[in-house]
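Trainee: Start from the sequences, fold in the hints, and give me the full structure.
Chains A and B are the protein sequences, given in the same order. Per my numbering: the first sequence ends with 1282, consecutive numbering throughout. Per my numbering: the second sequence ends with 1282, consecutive numbering throughout.
Since the hints were made in silico from the structure, they are not lab data. Where hints are given, some of them may not hold.
For identical chains, the list gives no copy identity; a pair is met inside one copy or between any two copies.
Unchecked claim - Straight-line distance between alpha carbons at most 20 Å, and here's what the computed EDC-like set of lysine to aspartate or glutamate pairs gives:
#, residue 1, residue 2
1, K906, D1221
2, K1014, D1103
3, K1258, D1221
4, K1075, D1273
5, K1258, D1218
6, K1251, D1025
7, K1079, E1108
8, K951, D935
9, K906, E945
10, K1269, D1220
11, K1258, D1220
12, K1086, E1019
13, K987, D1049
14, K1269, D1218
15, K1070, D1176
16, K940, D1176
17, K1251, E1045
18, K1053, D1007
19, K1046, D981
20, K1269, E988
Computed from a predicted model, the values in this text were never measured in an experiment.
Number of protein chains: 2
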Amino acid sequence: MIKVIKNGNVITMDEKRNKQIEKLDIVIQDDTIIKLEPTYLGDADEIIDASSKIVMPGLINCHTHLGMSLFRCTNDNYNLNDWLNKKIWPIEDKLTSKDIYYSTLLSCIESIKSGTTTSADDYFGYPDFIEAIKETGIRELFTSCVMDSDGNGDKRLDIFKKLYNENKDMSDLITFSIAPHSLYTCSSLYLEKLRDLALKYNLPIHIHLSENLDEVKEIKQKYNMKPAFVLEKLGLLKCKLILAHCTYLDDDEIELLKNHDVSIVHNPVSNLNLGCGIAPIKKYIDNGLNVCIGTDGQGSAINIDMFYHMTFVDLLQKGLYKDPTVMNSYDVLKLATINGAKALGLEDKVGSIEIGKKADIIILDYDDISIYPTANIISQIVHNTRNYHVITSIINGKTIMHNRKLLININENNLKNEIDNIMLKLDIH
Amino acid sequence: MIKVIKNGNVITMDEKRNKQIEKLDIVIQDDTIIKLEPTYLGDADEIIDASSKIVMPGLINCHTHLGMSLFRCTNDNYNLNDWLNKKIWPIEDKLTSKDIYYSTLLSCIESIKSGTTTSADDYFGYPDFIEAIKETGIRELFTSCVMDSDGNGDKRLDIFKKLYNENKDMSDLITFSIAPHSLYTCSSLYLEKLRDLALKYNLPIHIHLSENLDEVKEIKQKYNMKPAFVLEKLGLLKCKLILAHCTYLDDDEIELLKNHDVSIVHNPVSNLNLGCGIAPIKKYIDNGLNVCIGTDGQGSAINIDMFYHMTFVDLLQKGLYKDPTVMNSYDVLKLATINGAKALGLEDKVGSIEIGKKADIIILDYDDISIYPTANIISQIVHNTRNYHVITSIINGKTIMHNRKLLININENNLKNEIDNIMLKLDIH
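Mentor: Quick look at the structure:
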C-alpha cells in the first residue's frame, strides 16, 4: 500500500536537511516513510493533495492524563488543595473503568483533532483505558500511575504489571513507562523497587518533579537535599527519566541532570492555572537538557490542544526573561516534535518527517481570512493555529482524520450521551 | 423593526441581575434592547433561534492598531528596536491610505469573526481607514495617533482635527479620542496642548504608558518623577484617561491614579511577546482601578481575537501571584465587556445586555466534540473558546455575521488579492 502526500509545503523538522519549509512529496509504504522528493512520479494507491497546505510531523504531548476530560473547567478559582479534596478525588473514587473509557476516548478525539499523534499518559490504568487508545489509533506511551503513600503501593504496581504483560506486545503504537507519581507520594524504598523494575525491563520512568514551591520545600525537608539530588541518591538517574513540570530547578540541579538521560516536560498552561509559576526552560535548553512539551490533563489545563500550549511556551519565556529573542517559533516546534520523540524514546520512529521513520503526519490548512495574511508560516503555526486548521492526521501510515472528519469507527452522538450521563451521575460541575 | 434572540442561555454581565447565566429572550427594536424576559410572546420581524447556545455582550477591545494586520508574524525572534527599525518603520513610511484601508478591513473581519463588537484604535488616521470601519459596521473609538518627537507635531494634529471635524457627527458607532503616542515621543508643551483640546471637546486621552522598564527609566530621567506623576504634573489627570499597558506601576502611582477617571488597558500577549513582562492587574483591580483588555496590534500580538487574549489575562495573574484564586473567569469577562465600556466612555451604551442599551450581542455555539464536556460554561468561554465558536455577531442592532457568514458587502477573495499585492509590493516577510 503506497500513500503519497503531494505538493505540500513540508516542515520536516529534520535538522540534517537544514531547511524550515520545502516543497516535497512524501511517499508512505504501509506505516513507513520511504521517499521524500520534490516530485514523485511513481505508483500510488492513494494520493492526498496538500497543495497550498502545510505538512508537518504530528505533535507529541509528553505529559497528560487522558482520563481527565470529565474535569475540564472544574477548577475555576479553586486553590489546588480544595480542588483536589473537594472535586477531583471524591469523584475519582467513584469512576468506573467504563467511565474512564469514555473520558479517554474524548481526549483521544481532542488530541487527534488538534494535531497530536503521540501522547504520554500518566493516569490510573483501568483496563478499558487501553481499549480507547486502541480504538482511536493514537500512538501512546502508556502506564498506570503508582504510589505507596496511601498504603496501596503493591496493589497499584500489580495493576501496572498486569496491563504491561497483557499489552506489551500488542501493538507498535503502544509502549510503556513506569510512573511513580512523585517524590512526595512514593517512599524511597518503593522508588528503589520501581527503579530496579525500570532497569530490568528497560522502561523509562515518568514522574512529576518540582511542580510547585511547596513540593520543593517538602522534599528538601524530607530528604535534606534538593529534588534532583534525591533522584541521584535513589539511583533513579540510572534510568531514562521523563520529568514532568520542573517549574523550579536550581543551577546545581540542572548541572546534575544534564549529564544523564533526562528529559524535562514543560507544562506551561497547567503551571499557570494551578499557580505554580513559570519554568525557566530557556535556561534548561541552554544547558543542553532535552526539553519537550506536555499539556497536563484537562483538569488543570482545560484543553490538550498542543498548538495552544505551544503559544504559551513561546510567549512565557519571552515575558519571563523580558527578552523577545530568547525563544523563536522554530525552537518551540522542535520541543513539540523531535524533542518529544527523544523524551519518550521514540526518536528513531517519530518526531520528524524522515525516510525510514513511521508516518505520523498532520496537514494544516490556513485558508482562513480571519487570520490573514501571514508573513512567517512557522510563527503562524506556533502563535495562530486553532484546532480547526488541522485538517488531516495520519498515524503510523493510517489516515485517522481527513478534512476534519474522523475516519475511525466512533459514534460521536452516542459518546456525548454517555459522557452526559457520567457528568450527571457523578454531579461534576 | 423588532428582532428577537430566542431561547438563549444569556450572560447579561448586568451586575444588578446578580446571575451569571439566565434563560432569556432578548427583544431588540432597531438598535436598542427593549425587553428581556423568559418567554417573549409579542410580535417580531426577525427571530434568531439561540436554543442551546450562549448569548453574551460583544467584546470590547480597548487598545489595538487595526491598520497593522499586514505585520502579523513579522517579529519572531526580533528585539523591539530591531523589529521597529528594520521592519515596521521602513514599511510604514511606504504605506498608502489605500493599503491601510485593506489592512484595516482585514482587522475588522478578524474582530467580528472572533466576537469583538467595539474596539479602540490607536494608529495613524488615514482617510481610508475610517471608510473600512464604516463598511464593516463595527463600533469604534477612533483617533489619529499624534507625537512631536519627529518634528511633525502640528502636522499630525491637523490630520487628527480634520478627521474629527469631518466624521464626528457621522455615525452613532464612531466616537473619538485624542491619542498622544507616549510620554517619550511627546514634549510636555505638546501634551499640555493636547490636554486643553481634550478638555475643550470633552474627549478621552488614549496613551501608551509604562509599557516596559526602559520606558519607565527614560521618563524618570527626563522628568525626575515616575510616569503617573508626570501625568499629574502636566494636568492630564483632569482628562478621562485610557492608559495602554501600565506593565509597571508603583504603589504610589496606583494610589494617585485611582482617584481620577483613569482606565488601565491590559495587553497581556503583546507584553509577553515584546519582552515587556506581566502587568500585576490583580493589584490594580484590588485598588479600585478600572482595568480592561486590549489586544494591541497583530504586529506584536499576532492576532486580535479577544477570547485568546482573555485566556492569557486569567492564566498570567494566577501564575504571577502563584495563586489560582486571584482571578476567576467571570472577573475576566467583566474586563472584556463592562469594564471596557467604562474605559471608552460607552457604559451607557454597551458592555452588558440591559434594557435601554444598544444591541451589541454575540452568540456562541459549543456543539464541538473536540472540547467536550464543559462543567462550567463561564470558564469555557474564557479558556476554551476559539473564534469559530462565535457564530453570530450583532452590532447596534444590525446582524453583521450569522452562522459564521459575514452579512456585510465584502468580497473576501478580492480582499485577499489586494493584501497579497501589498505584501509583495512592500516585501513584508
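Trainee: Run every hint past the structure and note whether it holds.
Mentor: Consistency of the hints with the structure:
1. Proximity of K906 and D1221 under a CA criterion of 20 Å is satisfied intra-copy only: 12 Å inside one chain copy versus 24 Å between copies.
2. Taking identical chains as interchangeable, the C-alpha atoms of K1014 and D1103 are never at most 20 Å apart, the minima being 35 Å within one chain and 57 Å between chains.
3. In this assembly of identical chains, K1258 and D1221 lie within 20 Å of each other by CA distance both inside one copy and across copies; the values are 18 Å within and 13 Å between.
4. Taking the shortest alpha-carbon separations for K1075 and D1273, neither the intra-copy value of 43 Å nor the inter-copy value of 62 Å comes in at or below 20 Å.
5. Proximity of K1258 to D1218 under the C-alpha cut-off of 20 Å is found in both arrangements, the shortest distances being 14 Å within a copy and 19 Å between copies.
6. For the homomeric pair K1251 and D1025, the shortest alpha-carbon distance inside one copy (13 Å) is at most 20 Å, but the shortest distance between copies (56 Å) is not.
7. Taking the closest pair of Cα atoms, K1079 and E1108 come within 20 Å of each other only inside a single copy of the chain (13 Å); across copies the shortest separation is 41 Å, beyond that limit.
8. When the C-alpha separation of K951 and D935 is checked against a cutoff of 20 Å, the pair qualifies neither within a copy, at 27 Å, nor between copies, at 56 Å.
9. In the homo-oligomer, the alpha carbons of K906 and E945 never lie at most 20 Å apart, since the shortest distance is 42 Å inside one protomer and 30 Å across protomers.
10. In this homomeric assembly, K1269 and D1220 come within 20 Å of each other (Cα to Cα) only across copies, at 10 Å, whereas the closest approach inside a single copy is 30 Å.
11. Both within a single protomer and between protomers do K1258 and D1220 lie at most 20 Å apart by alpha-carbon distance, with minima of 17 Å and 15 Å respectively.
12. In the homo-oligomer, the alpha carbons of K1086 and E1019 never lie at most 20 Å apart, since the shortest distance is 33 Å inside one protomer and 76 Å across protomers.
13. Neither within a single protomer nor between protomers do K987 and D1049 lie at most 20 Å apart by alpha-carbon distance, with minima of 29 Å and 71 Å respectively.
14. For a Cα distance limit of 20 Å, the shortest separation of K1269 from D1218 across copies, 16 Å, qualifies, whereas the shortest one inside one copy, 27 Å, does not.
15. When the C-alpha separation of K1070 and D1176 is checked against a cutoff of 20 Å, the pair qualifies only between copies, where the shortest distance is 17 Å, while the shortest distance within a copy is 30 Å.
16. In this homomeric assembly, K940 and D1176 come within 20 Å of each other (Cα to Cα) only across copies, at 18 Å, whereas the closest approach inside a single copy is 39 Å.
17. In this assembly of identical chains, K1251 and E1045 lie within 20 Å of each other by CA distance neither inside one copy nor across copies; the values are 40 Å within and 68 Å between.
18. Taking identical chains as interchangeable, the C-alpha atoms of K1053 and D1007 lie at most 20 Å apart only when both belong to the same chain, with a minimum of 18 Å there against 79 Å between chains.
19. For the identical chains of this complex, K1046 and D981 are neighbours neither inside a copy (27 Å) nor across copies (72 Å), given an alpha-carbon limit of 20 Å.
20. In this assembly of identical chains, K1269 and E988 lie within 20 Å of each other by CA distance solely inside one copy; the values are 17 Å within and 41 Å between copies.
Hint compliance for this structure: hints 2, 4, 8, 9, 12, 13, 17, 19 are broken, all remaining hints hold.
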